[in-house]
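A.B. asks: The hints should help you fit chains L, E, R, U and W with the ligands onto chain H, whose structure is shown.
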Amino acid sequence: MKLIIAYIQPEKLNSVKQELFKAEIYKMSVTNALGCGQQKGYTETYRNVVNEVNLLKKIRIEIAVSDSFVDKTVKAIIKGAKSNQIGDGKIFILPVEEVIRIRSEEHGEIAVG
Amino acid sequence: MKLIIAYIQPEKLNSVKQELFKAEIYKMSVTNALGCGQQKGYTETYRNVVNEVNLLKKIRIEIAVSDSFVDKTVKAIIKGAKSNQIGDGKIFILPVEEVIRIRSEEHGEIAVG
Amino acid sequence: MKLIIAYIQPEKLNSVKQELFKAEIYKMSVTNALGCGQQKGYTETYRNVVNEVNLLKKIRIEIAVSDSFVDKTVKAIIKGAKSNQIGDGKIFILPVEEVIRIRSEEHGEIAVG
Amino acid sequence: MNKILFSLSLFLFTLGAGTSVFAEDAPVTSVTATAEVVAPAPATAPTPPPEVTLSTDKVIAETGDDGTVVSQTEKNSAFSGSLTAVWLLITGSLVFFMQAGFAMVETGLTRAKNANNILMKNLMDFCVGSVIFFLVGWGFMYGKMGLEAGKFIGFSDFMLSSSNDTMSWFFQVVFAATSATIVSGAMAERTKFVSYLVYTLVISGLIYPISGHWIWGGGWLSQMGFHDFAGSTVVHSVGGWAALVGAIMLGPRIGKYVKDEKGKIRVRAIQGHNMPLAALGVFILWFGWYGFNCGSTLNGMDLSMTHVAVTTTLAASMGALLAMTATWLISKKPDVSMTLNGALAGLVAITAPCAVVSPTAALAIGAIAGVLVVLSVEFVEKVLRIDDPVGAVSVHAVNGAWGTLAVGIFGDLAKLSNHGRLEQIGIQALGIVSVFAWVVITSFILFFIIKKVIGLRVTEKEELRGLDIGEHGSEAYNGFQIFSNM
Amino acid sequence: MNKILFSLSLFLFTLGAGTSVFAEDAPVTSVTATAEVVAPAPATAPTPPPEVTLSTDKVIAETGDDGTVVSQTEKNSAFSGSLTAVWLLITGSLVFFMQAGFAMVETGLTRAKNANNILMKNLMDFCVGSVIFFLVGWGFMYGKMGLEAGKFIGFSDFMLSSSNDTMSWFFQVVFAATSATIVSGAMAERTKFVSYLVYTLVISGLIYPISGHWIWGGGWLSQMGFHDFAGSTVVHSVGGWAALVGAIMLGPRIGKYVKDEKGKIRVRAIQGHNMPLAALGVFILWFGWYGFNCGSTLNGMDLSMTHVAVTTTLAASMGALLAMTATWLISKKPDVSMTLNGALAGLVAITAPCAVVSPTAALAIGAIAGVLVVLSVEFVEKVLRIDDPVGAVSVHAVNGAWGTLAVGIFGDLAKLSNHGRLEQIGIQALGIVSVFAWVVITSFILFFIIKKVIGLRVTEKEELRGLDIGEHGSEAYNGFQIFSNM
Amino acid sequence: MNKILFSLSLFLFTLGAGTSVFAEDAPVTSVTATAEVVAPAPATAPTPPPEVTLSTDKVIAETGDDGTVVSQTEKNSAFSGSLTAVWLLITGSLVFFMQAGFAMVETGLTRAKNANNILMKNLMDFCVGSVIFFLVGWGFMYGKMGLEAGKFIGFSDFMLSSSNDTMSWFFQVVFAATSATIVSGAMAERTKFVSYLVYTLVISGLIYPISGHWIWGGGWLSQMGFHDFAGSTVVHSVGGWAALVGAIMLGPRIGKYVKDEKGKIRVRAIQGHNMPLAALGVFILWFGWYGFNCGSTLNGMDLSMTHVAVTTTLAASMGALLAMTATWLISKKPDVSMTLNGALAGLVAITAPCAVVSPTAALAIGAIAGVLVVLSVEFVEKVLRIDDPVGAVSVHAVNGAWGTLAVGIFGDLAKLSNHGRLEQIGIQALGIVSVFAWVVITSFILFFIIKKVIGLRVTEKEELRGLDIGEHGSEAYNGFQIFSNM
Ligand SMILES: Nc1ncnc2c1ncn2[C@@H]1O[C@H](COP(=O)(O)OP(=O)(O)O)[C@@H](O)[C@H]1O
Ligand SMILES: Nc1ncnc2c1ncn2[C@@H]1O[C@H](COP(=O)(O)OP(=O)(O)O)[C@@H](O)[C@H]1O
Ligand SMILES: Nc1ncnc2c1ncn2[C@@H]1O[C@H](COP(=O)(O)OP(=O)(O)O)[C@@H](O)[C@H]1O
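Just so you know, the protein sequences line up as chains H, L, E, R, U and W, in that order. Just so you know, numbering that gives the first Met the number 0 puts 107 at position 108 of the first sequence, and the rest follows in order with no gaps. Just so you know, numbering that gives the first Met the number 0 puts 62 at position 63 of the second sequence, and the rest follows in order with no gaps. Just so you know, numbering that gives the first Met the number 0 puts 13 at position 14 of the third sequence, and the rest follows in order with no gaps. Just so you know, numbering that gives the first Met the number 0 puts 157 at position 158 of the fourth sequence, and the rest follows in order with no gaps. Just so you know, numbering that gives the first Met the number 0 puts 396 at position 397 of the fifth sequence, and the rest follows in order with no gaps. Just so you know, numbering that gives the first Met the number 0 puts 350 at position 351 of the sixth sequence, and the rest follows in order with no gaps.
The shape of chain H in the complex, shown without the other chains (with noise of 0.2 Å):
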């Protein structure tokens, strides 16, 4: 199994959402968090001192699922958030050695669906 975190723009979380769903990916977790990438960021002015913007606003998507269903997740990802842009966001894959599903304790690939 493999835990999924997708780094993508605030405004995309509608499209990811709705990509993961036409690949009947229903499970997932966000979080909101400050991104610091290749996206230089914006300068705020505040009573006209100029501060730059470095961390921008991103959310982070969590998505533990089974061997065999990575691909289609990270595609669906990558169409729901992907505009060529800079900040369009990261993908990370890490390995799971068990899911346990509190309300039933069913361990493992039974669980993470």
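Think of the hints as simulated: they come from the structure by calculation, not from any bench. Check each hint, because a few of them may be wrong.
Straight-line Cα separation of at most 20 Å, DMTMM-like style, residue types lysine to aspartate or glutamate; simulated pairs [claimed, not checked]: (1) K71/E / E18/L; (2) K81/H / E461/U; (3) K258/W / E18/E; (4) K81/H / E462/U; (5) K71/H / E97/E; (6) K78/H / E104/E; (7) K81/L / E104/H; (8) K258/R / E18/L; (9) K78/H / E260/U; (10) K21/H / E260/U; (11) K21/H / E97/H; (12) K143/R / D156/R; (13) K81/L / E459/R.
Computed footprint of chain E on chain R; a stretch qualifies when at least three of its residues, placed anywhere within it, have a C-beta under 8 Å from a C-beta of chain E [claimed, not checked]: (14) 254 to 268; (15) 320 to 331; (16) 370 to 379.
A virtual CB, placed ideally from N, CA and C, is assigned to each residue, including glycine.
C.D. replies: Just chains L, E, R, U and W with the ligands now, with coordinates in the frame of chain H:
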């Protein structure tokens, strides 16, 4: 060493914390997240327009433990979070290669606890 | 490739960022979290009722790097975050199997930086 | 639930529609300044207004708007009447604004997940209250029984039918609303919305007007010489005691009292979510209180209004100052929310005696109020284990009683009803006790019936998730990340 | 963009500087109370003030501040004049405070990422508006054409030059600002800031004063007997219709209307981010409305002010009550934001008829307003598919029209201009329609020109990220974690 | 720390209790309208009130509340006296409400982690201030020295003992509080709470009353013909200069001035956390300012009040407009917080000259104030490197001075004290400079002593974590996720 990531219902945080303390696990990190899972969500209405809310508020707990503590930790979380209802949440276990305590620069098992 | 997760004191974010920039690590993601660790917390009082606060505000940094950068990154974080006081935080290093840049769909090492 | 609400609206509406809504049939107050209209009806006065020049001006020959010669006497009367109208409209508007203050204080001192609910309660208790007070409340409070004021209840002038005393009605309706809205704070974060609507209908239409009649409507307490200038008892204690009964019958919020490992019950603080809002609310209330207390001269020519402003200011300041000191001593830090309560406690306490005590006495009254509110909150919360999220009982009921008693202790007897000091204290105490009894009994019955018929409290699940989603289907702070587990 | 703004400022400033700024040349109103100064100019009255004692006092022999004997007649006049000044200053200040109410309502009902922008709009429409109203607006509205009031426009007294009616100007400028500020809500979250500034200059300087002249400035509608006591049409409908045109020409916010899989368009709710702020705003507006309606007696001696306070209170309460009931029935939950709209709808509707209908009629007017606003929001949003984030069109335009019509339906004909009921209804309808036509046409032209010359709407990217960063370079809630994707 | 506070409370209390608190001994103002009571004491007037009819009415035969015949003259006096009481109570209440405005502005423009602290400061400076102003401040400011007003200080009427001028006291105490509260903004986010309490005691009890005596209490500046109608210097500059000294002695907040790699000091923006709150605060302040400026006629019969409302409105509007333009030009975006400051700058600047300049001059005064505040903030922050989080020095001190000078430049000399223009400008400048010197010296001594004895600044750790937890043990926005690292 392992990293245990648990998604639980917000109102269960206190009882999970208590169970963990009983099991002598005192270290953890908590963030809040929005989750999408088997639990269907609910409908909100605003100005008589109906919106499906399928991103529900969840609490995300991260606990790094040495291998021998994994079982104890998982059990404590389940004990604290389980209500046998859809939405109780999930636990993911990931491998951790190294842990470092910033203050002392200690590495490995000694730094986890 | 590795995913470095660091929990630090909120007020250290700026100096950690600066140390990372000096080490030419420009990419990272930041969230805020509540942490429970060796640092005992403090007591809040509200309307003369005393509450133990043992979930303290922390900053969580996530940095994906190729293996050769791990050391440099860890050192930079420690340099920026260390004050030799309890609560300075922890660093966890997890294996990463794949990284994808959404914009270009590049995979692997090239996508990390 | 919908049905209950629907019939409630229907009820109000049909009652209203029962009389013709067309202006021809229900003649509107004449818009011209004539002395007859402007003379403030003494019967509606909180305290019989002191004899002022005004009252010597009642004899008028003609209305004067038809071009006939208008005598100087009449003009004098028109001036003082108009000044009184201006005065009561503006101070009444300030009292109305206190609704915003209550809404902000109560919202700020409770949790984010229940903010919508408490806002709705604060808005609707005014809306329901003003309509029912128009339909029947005013009639019970200031109506006559036959030819004179009844001892226990009034019974005429429903819907402003026979009299047309719009000026007094406006000033009084905002007071009625204040009384009702106090309760929402004590019952916050767990009460069913529809039950709250029913409660507010009854307190504004029946409970408040009847005890109000005793004191301000010419009833038995006023006949005895009981003095409550602007309503420490009439308004604040009535709301406060009802709040107490409500909080008891609801039980504490989940998580307020928890058993620790040894089975000992521990009190937990459930923090409010927005202190700037709460502080703003207190500033608004204090601001509105100048309308509440000074306006209660009921007469734009009565210069005691300036004295009232001074005593009000000093008591409120001392209340905040001493409450802060008390919490600083108890918990080693000056607590914000208790200090805010302290200012309100000082204001509630000075409300009854503001016109009859010296500024120095006002300092003392406020100081005692500030200490009292802190001790009372401790007692209610930790000893009695009653969960009153915003401290409404301690602020309004306890300090309402204290202020009423202070009239007897510090009041200028010459301005009161020619009783000796001890006698006056006795009368004040009698008033406190009888209003206590009246409100506790009636509101117990009320809440008991509501509990049996509709239920008083939301489900545990709804309470945990927040009443905003449960009762209103939406959240107050959309987009904000909030730890709702607390 | 800078240039536009810069020239705008320069324009205002040079216009101002064109006349001498030194006090010697431009004599200031005499500060002494003399009857001539205090007599409120009847021409500026929303409705011709009823004949009061005051107006019989105009004959004075001397000014009296040089020590000569002052006759009693003159003193009477000074009293009533001063009372009127006090009355209008205070009620005018209350109306000014409504700006805060609008700012809070509009901010609360939109998203956090656009909060700075909407605050700036609400502040600047008053600032730009008051300056332009001083320079030209007042002259168009209350000026004369030759010797008497023009039928369609006034043209004198620019910059308060010939008259020195500072009292009336102050009371009127806050009304003009109310009208302008209504539009910002309907155009929220997508309008270019600089375009908004231009719009506000034109509505406050030209569109509002001209239709205002027809009704309050002695123009053709007032001559026909059209009655709009405090401005349901003059103020609220004017703002509301301009809001409608603006919202149409801008188009809906991104994400408001989305196509689902089957290509069907679905309406999505875009929730406001701060309900406590919105509720506070409504309380502030309601509070200010006592100034708006009661102050519109324009005369401190006119006792109809107390009647107005009663009808205003009851209509607002019924508006909120019925709007709540309606949304409860439609969506199974009592919606907070629609209930808030309901209170405002009741207030808007009672604004025109408040002085000429009975309290019972006020209940009915408010009740209908409450239902109307809910249905109108449904219609505008779901059928017409116009995106009006705060419901400004339904609250101000639709209920402004309803209130104006209600004058004809429920009004006391004796207080109106001696027309029969049907005739009066007809005149009211004519007024509604002509103001609708005037505003829709002129504001269409205005927005059309702005769209072509500067552009009306921000870029998609800016809209998604929020106007706060795009237009003002900073965020409203620094440090808070907010899901800005919504 | 507790001890300090405790003794402070004790001190205030015992001082109060020193005189009897029982009403019999300390007779309360008579509540009946008699001319003697109502005649506003000219000595307490900001400016000697223009001769109005009122002052010719002082001769009365009887008090009239014992049933004897009351002459018409006396009634006239009662009318004007009552109108003045109504006027001053309401405008005074508006000025009180400005405390809420200051609290919201200062809270909104600082960080979330210090919100509780700044709210407490804003509340407590009024509470401490009003009590000390009652005990001694009023006596120093408006008391007599022997039989006439002292040149430098008053010394009688402590605790309103000999006079009973409750009306004037109420209006004056809210002014004193305004002056004190200005300082909290400049010293925000790093000052020890207990030190702030001590500071506020001294400024309200000593520093403000003494310079106030010079100008409004009949002292040497007023004797020279110095004119400050509503307090640009008396209130705002006093607060502003004390703020300057405080900000200097505290030093900047951690993170405000940072060294970059090359050792160059860079100024960083530390953003406020809640712009809607800050904007609300400005609206409240503006609203209250109508009380501040118009009420300063001190006389309900003085029709210059309407002129004041006009100049106040125009100057504030131009202030906001020009400040917005200036920041738009400087930083390419119209900055919200500077625009808010601009409105306040316009208001501060027009405060002194509002009654003696033409509307057109008011436009100019406001416009200059708007530009001045932007330049001054730049200068203080970037050149002087003084960290004033909310711009209090630039708004209140700099524009207070500008407004005071503007009296000389634009004022109608006929309304001033018969000096030539240059002479008047000189007198105004002298007043500005002497008040500057007085405040800077005394507040330097004050802060120096506090620094040595209790310490002025919290620890670095406490500052980083936020003063809410450090000083008050709880947070302002419980449950919200906030990035507190900024
Ligand atoms: N190496 C990394 N470690 C952690 N987060 C990263 C890393 N690289 C990118 N991110 C996250 O992804 C977001 C987008 O990355 P960015 O480099 O701006 O865009 P792009 O994918 O177009 O190069 C960043 O804001 C950050 O949150
Ligand atoms: N595959 C997954 N990947 C990421 N998060 C998940 C996944 N499955 C569940 N979650 C998280 O766990 C929460 C609870 O899951 P849910 O399916 O609703 O409950 P249950 O465990 O009863 O089936 C979700 O809201 C989501 O936050
Ligand atoms: N085992 C762990 N699992 C998850 N988070 C941890 C763990 N240990 C520490 N943390 C995080 O690191 C923070 C700092 O740890 P703490 O023990 O207080 O400091 P120190 O590093 O000085 O021992 C904690 O507040 C928590 O957020």
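A.B. asks: Which of the listed hints are not met by the structure?
C.D. replies: Hint check: 1, 11 fail, others pass.
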